[in-house]
Every structure is written in C-alpha cells, then in structure tokens.
Amino acid sequence: MTQDPAANALLSELDPNQRKAAFHGEGPALVVAGPGSGKTRLIVARALRLAGLDGADPRRILSLTFSNAAAAEMAERFRQACLQEGCSREGPVFSTVHSFCMRLMARLNRTDASSSGIPGMPGIPGGQPELVEALPARRENILGRIYQDVNGNFPDHKTLQILSGEISTIANRMVDELPGFGGFAGRTRNLGRISRLYVQKKKELNLADFDDFQKTALLHLEAGGNVPDCPRGSFAYIQVDEGQDLSALQYRIAYALSGRDRHLFIVADDDQSIYGFRGADPSNVTAFSQRFPGAPVYHLTRNYRSTREIVALSGCFIEKNRVRLAKRRESAVSGKVLPQVCRTEGREGQAGEILARLTAQDAGTTAIIFRNNLSAIGIAGSLLQSGVPFVAGNDCGDFFHHWVLKALRKKLECHRGRTASPAAVLDHIWTRQGFGNQCREICLKQGWSAGYAHAVYENARLLAKGAGKTREFLQNLEETRSILENAHEAYCSGSGPALYLTTAHSSKGLEYDTVCMVDLYEGEFPSAEALAEWKLKGKQEPLEEERRLFFVAMTRARKSLYLIAPTAGKSLLRDSTFVLEVEKLIQEKRYGNNATNQL
31 MTQDPAANAL LSELDPNQRK AAFHGEGPAL VVAGPGSGKT RLIVARALRL
81 AGLDGADPRR ILSLTFSNAA AAEMAERFRQ ACLQEGCSRE GPVFSTVHSF
131 CMRLMARLNR TDASSSGIPG MPGIPGGQPE LVEALPARRE NILGRIYQDV
181 NGNFPDHKTL QILSGEISTI ANRMVDELPG FGGFAGRTRN LGRISRLYVQ
231 KKKELNLADF DDFQKTALLH LEAGGNVPDC PRGSFAYIQV DEGQDLSALQ
281 YRIAYALSGR DRHLFIVADD DQSIYGFRGA DPSNVTAFSQ RFPGAPVYHL
331 TRNYRSTREI VALSGCFIEK NRVRLAKRRE SAVSGKVLPQ VCRTEGREGQ
381 AGEILARLTA QDAGTTAIIF RNNLSAIGIA GSLLQSGVPF VAGNDCGDFF
431 HHWVLKALRK KLECHRGRTA SPAAVLDHIW TRQGFGNQCR EICLKQGWSA
481 GYAHAVYENA RLLAKGAGKT REFLQNLEET RSILENAHEA YCSGSGPALY
531 LTTAHSSKGL EYDTVCMVDL YEGEFPSAEA LAEWKLKGKQ EPLEEERRLF
581 FVAMTRARKS LYLIAPTAGK SLLRDSTFVL EVEKLIQEKR YGNNATNQL
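Basically our numbering = 1-based index in the sequence shown + 30.
If you are wondering where the hints come from, they were derived from the structure by calculation, not from laboratory data. Any given hint could turn out to be false.
[Stated by the list, open to error] For lysine-lysine, the following DSS-like pairs were computed, each having C-alpha atoms within a straight-line distance of at most 25 angstroms:
no.	residue 1	residue 2
1	K366	K600
2	K50	K350
3	K619	K366
4	K350	K569
5	K440	K475
6	K619	K357
7	K495	K441
8	K436	K188
9	K436	K495
10	K614	K357
11	K357	K589
12	K231	K188
13	K495	K589
14	K188	K440
15	K589	K614
16	K357	K50
Generate the whole structure from the sequences, applying the supplied hints.
In structure tokens:
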C-alpha cells in the first residue's frame with residue numbers, strides 16, 4: 031500500500047464505521063447507510079483509497095448512482111479532494127445507470143459493433159436509434175394511438191403518464207405483466223398487449239428508450255462483451271449508490287459489470303426504497319446475505335443531519351415494517367423543538383398552521399412535503415394570498431390542463447356576476463347538477479383515474495375558497511398557474527426563496543431545517559390503493575412502501591418536524607394510520623433521551 035495525501039486526508043475525516051467500510055477490499059459487500067450518514071463521502075473516499083493507496087487504475091473504478099446531480103457531486107468531491115492536497119490524478123467514472131448504458135452502446139456502435147454481436151439495438155436496423163425520451167410529444171402520440179387501437183379510446187394525459195410508467199416497470203422487473211407482481215398491480219387495461227405493441231412499434235420506427243439501452247447493455251455484458259475505452263476492456267471495481275433503488279434489470283447490469291471477481295460494493299438503505307412503481311426491488315438489499323454468503327455487511331449508524339429526537343422518532347416509526355434489515359440509528363445533535371403532530375379543521379386550515387410555524391422559526395430552509403403533487407395547488411394558493419414567496423419542486427401542469435378543470439371553468443363562466451361564492455357554485459355543479467357522477471362514469475368508461483379527477487375538483491374547490499366572486503377565482507387560477515410555473519423554474523435553477531413545495535418522492539436526497547408534512551389523512555398518506563391492497567387482499571408491500579415514503583419525508587428535517595393532519599373539528603377526513611402511529615410514539619416519549627432506539 032502506497033501513501034497518498036488526498037486519500038489519507040479524506041479517510042481521516044471518516045468516523046470509525048465509515049472508515050471500516052471504506053477499507054473494504056475485494057469481493058462483494060453491502061453498506062447499510064441510513065439518512066444523513068455520509069454515504070456520498072464514503073463512496074468518494076473508497077474510490078480515492080483504491081486509486082491512491084492500493085494503486086488501482088482509477089479508470090477501472092465505476093460508481094453508479096441514480097441522478098446526474100449525484101454523479102456530478104461525487105466527481106466534484108473527488109476532484110476537490112485531489113486539488114486540496116496538490117494531487118494530479120485521473121478520476122474514476124461516476125455515472126447514472128442510464129447514462130452508462132447509453133454511452134456503452136454508443137461506443138460499441140462507433141467501434142467494432144459487428145464483433146460485439148450487437149449492430150445497433152437488437153432487432154433494430156440502421157445502427158443507433160433515436161432516444162424516445164428526447165421526443166416526448168412523439169412518444170405520447172405513439173402510446174396514445176396504441177392505447178386507442180387496443181381499448182377503443184384515446185387516453186387522457188394522466189392515463190398516458192401511468193401507462194408510460196407501467197411499461198417501464200415491466201421492462202425493469204423483466205416480466206411480461208404487472209398484476210399480482212409484488213403487490214403493485216398494473217392499472218392500465220390490456221397493459222401487456224399495449225407493452226408488446228409498443229416494443230414492436232419502436233423497432234419499426236428505429237426508436238429506443240432508456241430501458242432498451244439498459245436491456246441491450248445487459249445482453250452485451252452477460253455475453254462476455256467488453257467495455258470500450260476501459261483499460262483491459264472491463265472495470266475492476268463497481269460501487270453502487272442508492273442500491274435500494276436498483277430494479278431487477280439494473281441489479282443484473284451491476285452484477286455483470288463486476289465480472290468474475292465480484293468486486294461489487296453496494297451502499298443502500300432498504301428503509302428508503304420508495305420506487306416500487308418504477309421496478310425498484312428492496313430485496314436487492316434485504317436478500318444480499320443470501321445471495322453472497324459470508325460477504326461483509328457494514329453499518330453506518332450515525333445521522334449527521336437530523337436531531338436525535340427526529341432520528342429516534344422516525345427510527346421507531348419505520349420499525350413497524352416487517353420486511354427490513356434491523357438497524358441501530360443514532361445522532362449527536364440535540365434539538366430545541368420536539369417533533370409535533372398538528373391538526374387543522376379541514377385542508378384549508380393547513381396554510382395557517384404552516385404560516386404560524388414559519389414565523390416562529392429561525393431563518394433557514396423550510397419544506398412543505400406532501401404525498402401527491404395536487405396538494406401543491408391549495409397550499410400555493412394560500413401562500414400567494416398571504417404574500418409568502420416559494421419555489422416548487424414539481425410541475426403542476428397536469429392540474430391546470432386537466433379535462434375536469436377545463437369543464438369546470440366553462441361551467442363557471444355561466445355563473446359570472448352571481449352573488450354565490452365560487453366554492454359554493456363548484457359544490458352545486460359537482461353535486462346537485464351531477465357533474466361529479468358524470469366524471470366518474472366517463473372515467474369508468476374510458477379507463478381513466480376517477481380518484482385523480484375527483485382530486486382535481488377538490489383542489490379547485492380549495493382554491494375557490496379564497497375568492498369572493500367567480501371572476502376573481504378564474505383570475506386567481508391563471509395567476510396561480512403562472513406563479514407555480516415560475517416557482518418550478520426557480521427550483522430547477524437553484525434560485526428563489528428558502529421555502530420549498532415538494533412531493534415526498536422528489537424530496538429524496540434533500541434536507542431542510544424545517545419540514546412541514548401536509549395532507550396527512552387516510553386515503554391520501556397512506557394512499558387509498560395501498561390501504562385497499564392491505565385490507566382487502568392482505569398484501570403488505572404497498573403499505574410498507576408507503577411507510578418507507580413517510581419515513582423518507584420525516585428524515586428530510588434537520589431541526590424541526592411538523593406533521594399536519596387536516597382532521598380536526600368538523601372535518602370529514604379521517605386520521606392517517608401513520609399519524610396515529612407517530613402520535614402514539616410521541617405520547618410514549620419514544621424520542622430524545624427516552625427513545626428505545628436511541629444512542
């Protein structure tokens with residue numbers, strides 16, 4: 031082992047558990063890394079150690095992750111660690127799985143594709159195909175026409191989104207159908223047939239999507255194919271970040287890349303596996319020791335992000351899941367504010383609770399986190415009325431372009447000038463005029479989501495409560511749409527105020543001083559679908575994924591955590607199962623110095 035100042039400097043900053051994992055040598059290993067435990071630092075430090083101390087060729091070290099931002103951050107940390115110590119070294123490869131597979135296939139087509147046995151994509155003549163994701167309008171048109179041919183009607187935008195996701199899930203799970211698979215059933219009628227026709231149409235048009243590149247890369251690697259531009263034609267060390275998010279397809283890619291030596295280093299937290307609808311499989315983590323008997327499992331137990339009260343409460347909460355690895359979580363950060371459950375009378379009361387918390391907090395970042403993107407509409411409307419600036423992590427265009435809202439707006443135009451409030455008019459249209467029943471019948475006939483259609487109405491009604499007249503409400507709709515678009519652009523550019531509106535899924539990997547979780551009622555969080563699978567079919571996995579998602583949202587908080595449930599007083603909404611669980615833990619004082627899973 032040689033001496034290397036950059037590697038030694040970074041390794042010296044690691045805690046004992048991180049250091050032990052960073053010095054893992056050859057063969058497979060799993061690192062169970064909870065929220066805020068320094069997994070990015072570990073991956074970079076181990077890459078530095080392999081290259082700087084063990085003499086491994088950095089070009090043969092591949093670290094895979096799931097976002098371009100994460101890959102760029104790792105590469106920058108590696109570069110900065112070398113610069114600070116005056117080292118000049120070529121960096122290892124940091125890449126997303128998708129990007130790696132696309133680059134691999136592009137290089138094979140540029141070099142000697144015929145010798146690899148893959149002249150372009152299998153079954154697609156003409157070399158490298160066009161990427162479907164780069165042509166979203168064309169993709170929607172292709173999927174929509176196939177759906178129409180099979181089911182007899184053209185799908186709405188939400189149905190197309192669901193269909194696109196389910197087709198990708200089929201590819202990532204490497205199955206032919208979804209119903210009954212792992213508790214996540216397909217919602218699209220005749221999904222299997224549509225998926226097969228879509229594959230055929232892509233071949234005819236010389237198109238491919240990310241999943242095609244992944245599948246083709248796997249075929250190449252499992253056939254013993256080399257990796258062009260990589261010394262010796264293969265990587266010596268494979269590191270995987272966010273291993274709990276690997277699908278069956280992606281896991282096989284990582285496994286194939288590790289070659290005969292199986293130098294496969296997976297960093298993961300099964301408690302943060304929240305992408306089952308995309309094909310992610312937490313058994314890649316929970317079954318690791320069965321797949322690799324005798325392989326070491328390292329644990330990063332210390333959370334450097336959150337207070338011990340938040341760490342203990344969230345840790346006790348997630349323990350209710352049955353299929354998970356046992357863990358010990360700890361934090362050295364003492365908090366000034368204990369996690370709290372706050373109840374409001376209906377959804378419209380949540381904004382007032384949020385504003386009260388904002389004014390009471392020290393300056394810092396705050397996130398309003400919700401289960402579904404439509405929740406942003408009502409919250410945004412209330413914040414706008416109060417003059418509070420914010421940025422939005424998700425695009426809310428689905429709401430403003432949805433056919434239900436368009437129909438409601440047309441009906442409201444007939445009520446301009448009347449004295450009744452717009453909220454009362456919407457109630458009248460939806461219930462007494464029977465428009466709600468008409469929407470349900472349309473959705474049932476067309477195979478669209480009736481629940482989503484009703485949610486569009488509910489959020490329109492929530493916005494309408496802030497307007498005195500119909501004309502004002504219609505103007506507010508346009509203003510809210512424009513401001514939400516600007517707020518999303520500000521979020522994407524990294525600018526704007528320190529108040530964030532985001533879904534729980536989009537919050538993954540981020541952190542905020544204060545977190546307010548909203549719309550915490552039964553059927554919303556956890557979702558109605560997960561509850562139905564559990565209560566009617568006895569399937570635990572969908573509900574356990576919902577609990578993991580709730581856990582992810584809780585653990586975004588550094589200092590303060592508020593769980594806001596709109597179920598008080600005359601509210602018709604029922605308490606969330608998860609809120610009741612958390613409330614019980616708080617009453618039992620299972621946080622702070624009295625926590626059962628504390629230091």
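For each hint, the structure was consulted:
1. K366 to K600: violated (33 angstroms)
2. K50 to K350: Outside the cut-off at roughly 29 angstroms; violated.
3. K619 to K366: Measuring from Cα to Cα gives roughly 15 angstroms; hence the hint holds.
4. K350 to K569: holds (15 angstroms)
5. K440 to K475: Distance ~23 angstroms between K440 and K475 Cα, so the pair holds.
6. K619 to K357: holds (20 angstroms)
7. K495 to K441: holds (17 angstroms)
8. K436 to K188: The given pair, whose Cα atoms are some 14 angstroms apart, holds under the 25 angstroms limit.
9. K436 to K495: holds (18 angstroms)
10. K614 to K357: Within the cut-off at roughly 21 angstroms; holds.
11. K357 to K589: holds (22 angstroms)
12. K231 to K188: holds (22 angstroms)
13. K495 to K589: Not satisfied, since the Cα-Cα distance of roughly 33 angstroms exceeds 25 angstroms.
14. K188 to K440: Measuring from Cα to Cα gives roughly 21 angstroms; hence the hint holds.
15. K589 to K614: holds (21 angstroms)
16. K357 to K50: holds (17 angstroms)
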